[in-house]
Amino acid sequence: MTTATIAGREIHVDAEGFLTEYDEWDEELAKQLAQNIGIDLTDRHWEIIRFLRADYRENGETPTLRRVSAVGGFPTKELFQLFPKKPAKKMAYIAGLPKPKGCV
Amino acid sequence: MTTTEQEPRLIPDFGEDTDRKMAFIASKGTLDMAYPALIMANAALGEGIEAHIFFTFWGLDMINKKTMHDLKFTPLGNPATHMPQGLGGLPGMTAMATHMMKKQIAELGVPEVPEFLQMIVDAGGHLWACKMSADMMGLGEDDLFDGVEGILSATEFIELTDGAQIIFI
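Here the protein sequences come in this chain order: A and B.
With our numbering, letter number 88 in the first sequence gets 88, and the count goes up by one each step, no holes.
Just so we're on the same page, our numbering is the position in the second sequence counted from 1, plus 104.
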């Protein structure tokens with residue numbers, strides 16, 4: 001287990017830099033994580049990130065892109081606009097969750 | 105070899121400048137063989153990779169408005185179902201097997217074929233129909249799913265996929 005200093009705090013991350021401890025995350029940290037990957041968080045980003053956090057807490061798994069759109073109600077197109085190129089991984093990173101494992 | 109000059113990189117590398125490109129040739133029209141191209145193309149798009157699907161021969165059933173909602177799976181002649189082969193030919197067996205497979209797919213949260221195609225288009229994927237197959241089956245653009253960008257000849261497909269990794273299904 002590696003740690004990284006993010007927003008002045010010691011945070012547990014995996015080898016790639018994804019957070020590994022659900023409870024170490026807060027919204028202040030998310031702002032820094034988003035900044036790390038060049039994303040300016042809008043209200044819409046926050047809605048999506050909060051959905052990811054809540055869904056993970058309930059199911060113990062990071063929702064896939066399909067789940068974020070089908071269950072969360074955020075259109076696929078919009079996810080690609082807000083989190084360009086690799087939306088599933090970027091959302092997970094900012095939400096302090098592991099990469100999603102599902103295929104679809 | 106290790107060096108001590110650098111801290112390990114702790115921001116994930118989202119490798120956004122990839123020029124990787126993938127093209128899937130979907131040549132089958134059965135329910136079970138419709139999914140591989142859809143799942144892989146969708147995964148590629150989620151990784152920021154340019155993805156194309158070229159529907160040819162029976163694969164056109166996946167984008168034909170008349171058939172796309174009604175693809176079937178049959179255990180007949182498919183030893184991988186591990187059912188006695190005689191059973192596969194019984195009346196109603198294809199309908200039952202199709203129903204079961206659709207249920208299993210839905211339980212995984214995976215959409216049906218038309219919705220999956222729309223999801224791929226929304227993710228920036230490109231859908232193409234094969235000209236010779238469309239001509240054989242008497243299909244024009246109006247007969248095809250709206251997300252299909254065009255009907256391409258084999259040559260046009262080869263030009264379009266210059267530098268792509270091509271996967272035939």
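No lab work stands behind these hints, which were simulated from the structure alone.
It cannot be assumed that every hint is accurate.
Unchecked claim - In the BS3-like style, the derived pairs of lysine-lysine whose C-alpha atoms are separated by at most 27 Å in a straight line are:
1. B:K125 - A:K85
2. B:K207 - A:K101
3. A:K85 - B:K207
4. B:K169 - A:K99
5. A:K31 - A:K101
Claimed, not checked - Sample of chain B residues with no beta-carbon within 10 Å of chain A, all distances over it, derived:
6. E120
7. D123
8. K125
9. G133
10. I143
11. N146
12. G150
13. K169
14. L180
15. G192
16. V214
17. P215
18. A227
19. M236
20. Q269
Where a beta carbon is used, it is the ideal one built from N, C-alpha and C, also for glycine.
Original post:
With d taken as the least Cβ-Cβ distance between V214 of chain B and chain A, does d exceed 10 Å?
Top reply: Non-interface label fails for V214 of chain B: nearest chain A Cβ at 5 Å, not farther than 10 Å.
**OP:** Decide, holds or violated, for the assertion that all CB atoms of chain A are farther than 10 Å from the CB of Q269 of chain B.
**Re:** 18 Å, holds
Original post:
Closest CB-CB distance from L180 of chain B to chain A, is it above 10 Å?
Top reply: 27 Å, holds
**OP:** Would you assess whether A227 of chain B, listed as outside the interface, keeps its beta-carbon beyond 10 Å of every beta-carbon in chain A?
**Re:** Nearest chain A Cβ is 5 Å from A227 of chain B, so the label is violated.
Subject >> Given as non-interface: N146 of chain B, which should sit over 10 Å from chain A by C-beta >> reply: N146 of chain B not clear of chain A: closest Cβ-Cβ about 6 Å, inside 10 Å.
Original post:
Are K207 of chain B and K101 of chain A close enough, with their CA atoms no more than 27 Å apart?
Top reply: Satisfied, since the Cα-Cα distance of roughly 21 Å is no more than 27 Å.
Original post:
Does the claim that I143 of chain B lies off the interface hold, with its Cβ farther than 10 Å from every Cβ of chain A?
Top reply: 6 Å, violated
**OP:** With 10 Å as the threshold, tell me whether G192 of chain B passes as away from chain A on beta-carbon distances.
**Re:** It holds; G192 of chain B is separated from chain A by about 27 Å at its closest Cβ, greater than 10 Å.
Original post:
Taking C-beta pairs only, is G133 of chain B more than 10 Å away from all of chain A?
Top reply: 20 Å, holds
Original post:
Is the nearest CB of chain A more than 10 Å from the CB of K169 of chain B?
Top reply: 21 Å, holds
Subject >> Beyond 10 Å from every chain A Cβ - status for P215 of chain B >> reply: Contrary to the label, P215 of chain B does not stay out of reach of chain A, its closest Cβ about 7 Å off (not over 10 Å).
Subject >> 10 Å Cβ clearance of G150 of chain B from chain A >> reply: It is violated; G150 of chain B is separated from chain A by about 5 Å at its closest Cβ, not greater than 10 Å.
Hint check: violations occur at hints 3, 4, 6, 10, 11, 12, 16, 17, 18; the rest are consistent with the structure.
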